[in-house]
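A.B. asks: With the sequences and hints as input, model every part of the structure.
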Amino acid sequence: MTTSFENDGTGEREQSFAEREDYYFVGRYAERQRFRDYLSGRTEQRTLWSVSGIGGMGKTSLLSAFRRDAERAGAVFVLVDSRDLPHREDEVCRRILALLEVATDRMPGSDSIISAWTEACIGALREIANQRRVILAFDTFEEFSDLEVWLRERLFARVADCVLLITAGRFPLGGTWTVSPAWRERLNPIHLGALSREESKEYAERCGLPQGEEADRVWLASLGHPLAMSLATAHRSSIGTNADAMDSRSWFHVMADVWLKEAADPNLRLLVEAASLPARFNASILAAALNVPELPPASFDGLIRVSFIRKAEKGWAMHDLMRDAVAAYLREREPDRHQALTARLASYFADRILEYSGTRSVTPEVGELYQLVGGETIAAFYRNARTYSLWEQVNSETVIEAEQYIKHRFAAPDRIISAVAIKPDSGQEVRAEFSDAMPKASLQGLVPRAWYEMDRRSLHLLRDHNREVVGLAAILPIHAGTLAYMNRDPFSAPFLATLSTAVRRSMEASPDNPAGWFIRSIDYRDWADHLSYTEIFSLMFGYLCSGKLLVCCPPPIEVFMRTHEGMGFEAAVGSEHVCYDGIPAPMLVLDTRGERLARLLEQLLNRSGIAWRRAAEPSADADHIAKILSAREREVALLAAEGLSNADIATELYISEATVKKHLSTIFEKLGLKRRSQLAMRIGRQETNR
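Position 535 (the sequence shown) corresponds to 535 in the UniProt record's numbering; numbering is contiguous.
Incorrect hints may have been included.
Restraint-style ranges between C-beta atoms, simulated for each label pair [stated by the list, open to error]: (1) P335 <-> R456: 42 to 52 Å; (2) D265 <-> L85: 20 to 30 Å; (3) R409 <-> R675: 48 to 58 Å; (4) E334 <-> G481: 48 to 58 Å; (5) D414 <-> S40: 44 to 54 Å; (6) P584 <-> E355: 33 to 43 Å; (7) Q339 <-> N487: 45 to 55 Å; (8) D336 <-> G582: 48 to 58 Å; (9) P86 <-> E433: 50 to 60 Å; (10) S284 <-> R593: 23 to 33 Å.
It is worth saying that the hints were derived from the structure and are not from the lab.
Quick caveat: nothing in here was measured; it's all calculated off a predicted structure.
For every residue, glycine included, the Cβ atom is placed at its ideal position computed from N, Cα and C.
C.D. replies: Below you can see the structure in the form of structure tokens.
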């Protein structure tokens, strides 16, 4: 890091303000190099540049950087901001001529002689362009819509051959600009996205924050959004490094205010707030959130035209940071409405999961539901920002890459992992600290080629954007052809030993329709990278709520166990193994076969204070039973009504017989019953009346 002084050979000199601005300007290297190439004449450049990006993405800062580069190169840079002048042709020309320092005392005073001002402006631009390069830039260009025809057809068209024209706004130039071949061949679109993690940390460090965790917090809070990055850095610097994370959201609200200016209409604001809760939305999802039969098409069209909404693979999506900011805003200022929207959305996704599970993939709905009701770890570590998956199934050619991955993992030294994420709604940190040796141990004894030959669906590779393998998942389908292996595997064998013959027989399914999956390992090369958790969640969501049996053996690390508990997994009694460096660890089970899927969904929603009722309304007696029995008690009651013994119920639910007896005693007391035959009649009547 440099200081504010530089040695020029004769002594130290203080850096100019422009030099300090350059020092704090991080990123956009390709865009600035392209501009410098234009200034030097090294490359042929298109002469209409369209800089676009959502609010706070750094468009104005990039224009300022362009201006500094232009002034150093001896070029003329004219910057017109739509917010600084009346929107009339003569006023725009007055501003350009004033910035060019061209005398206008002989110009006509009447507003009716617009053409004279236009001709004077064009003449001045052309004359100066004969001597040096001229750049004419317009900021907040979207607000010039009332002058766009005049700008395009009268001003820009007549100087495009000698002047570099730059527009900066929330939206790229489109419509007539791209319909016209003449403009299309000159158009150079520049869309600004978030800065990288490295650039964000570099900015924080240049602003005086210590390297490492402090700078990394800025990245986690801002996700590389320049305005958020600046506000978060200033806030972090002001509260000192001993303060607890980014817990104050004052800077967050400043950013939300910048964005929400685009949604000043009250009805549009309601839609924006509803759209901030799901990761992906469409008109049906928002209608469910707002509790209306359907959204007027014009209202939805207005929403998807705002700059911080983009088309996604499955619907539409709000910019991640905008989602976080608006949702936090809503939760703090209108908590009851925030809870109502959350409850309706969670119920909507639960209904979709129950309706479509087993007939199509419900991964998107599962991801949405768990983000809403899956607990703080999922909310903090899962960033559902991608529109595609980077996981791929291993084939005969890539199985060697799985083998190499395991080899490299065990060759790498163990280290202590400190992973930190920030809850979007509160700014509080969620921290995970553990030894890298723990998750790596799940790969011990795993032979990829043997797994691939046993079932070709069992292995998955995770690749980064450079196609390098950074993760491996070993997920074995449970069927007649794999149970023999599970009986031998040190992770799964203790679990299978606890099962009754009847339960084991139910797992001897056809390979075409497995009973479920055994998750032996989901491993990531760098567990300190918080994005790894997003990838792992995205994979697991494809298996949860699938109407199958899911068993897994995660490392006995608190954050891992808490996360699985949030998903609905339970420890199977007597299933402990010692494969994690001798530490006893149980097999975790999530069974969503048959009616258990509905009970899981109900349990997830009830845990968040949401009273979910299935789309098919139960009878009055069923409604009464649902209110007085817990989810686990209803499971025990249903199995008892089917004639299962206490031992069989314990095996089926992976609990002890003593726990079954306790539940049955409570059930009989609550329902006023004395015998199992009465329970069978009561539950049977309930099922018949559904």
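A.B. asks: Need the list of violated hint numbers for this structure, in ascending order.
C.D. replies: none
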